[in-house]
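Q: Use the sequences and the hints to build the structure in full.
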Amino acid sequence: NAGVMQNPRHLVRRRGQEARLRCSPMKGHSHVYWYRQLPEEGLKFMVYLQKENIIDESGMPKERFSAEFPKEGPSILRIQQVVRGDSAAYFCASSPIGTGRHEQYFGPGTRLTVT
Amino acid sequence: TQLLEQSPQFLSIQEGENLTVYCNSSSVFSSLQWYRQEPGEGPVLLVTVVTGGEVKKLKRLTFQFGDARKDSSLHITAAQTGDTGLYLCAGVNEPGNTGKLIFGQGTTLQVKP
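Protein chains in written order, with our numbering: chain A, 1 to 115; chain B, 1 to 113.
No lab work stands behind these hints: they were computed from the structure. Just so you know, these numbers come straight off a predicted model, no measurement behind them.
Some chain A residues flagged as far from chain B (calculated, every beta-carbon gap over 10 Å): (1) Gly16; (2) Arg22; (3) Ser30; (4) Arg64.
Chain A regions said to be covered by chain B (calculated; three or more residues, Cβ under 8 Å): (5) 36-44; (6) 53-61; (7) 103-114.
Note that CB positions come from ideal geometry on N, CA and C, so glycine has one too.
A: Structure representation (structure tokens):
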């Protein structure tokens with residue numbers, strides 16, 4: 001049973017470019033969460049999605065960041081016009097539908113470096 | 001302000017010693033998870049506690065959820081070098097939460113041989 005998959009594992013972008021991070025949830029999971037881990041900081045919630053719906057984006061920066069979870073295919077976190085401050089590890093987690101325990105299973109992360 | 005305070009932030013002990021990590025808050029959580037994270041990897045779920053006063057054991061690890069569901073502890077007995085890592089507590093706080101996790105800052109544990 002494959003776990004949460006994220007790609008790429010490492011991504012280098014120059015300032016001003018776009019970064020696209022992909023997340024495939026565990027089989028049978030239809031809830032996806034994105035978190036960001038900045039250097040020397042803890043994990044911070046960004047956005048919660050179900051298929052074709054954004055449920056909670058209270059942790060997303062107001063500009064340049066967007067997320068989607070289409071009916072088919074992986075969830076995508078998109079960062080436009082990246083800046084050095086976007087350098088961080090981005091983690092995706094998935095959760096099975098119907099659980100009241102809010103257990104989330106994390107992928108290995110994408111480490112974004114902006115040069 | 002940090003909603004979940006973990007202590008200590010760093011812990012360096014000898015193999016065979018016992019240790020306890022604390023996770024405290026002034027808020028009530030509907031559930032609380034403990035994760036362990038290795039460098040360059042994502043957090044791995046160790047346990048979920050949902051009931052006040054609940055105690056769960058995972059081999060040498062004992063997890064407890066406070067009666068008021070505001071705090072939790074992780075106790076490791078006879079630590080081994082393989083226990084080295086970053087331990088994170090994370091909770092879903094009430095009310096009306098969509099399930100997003102609020103994380104503590106983490107406790108970096110180093111177990112020396």
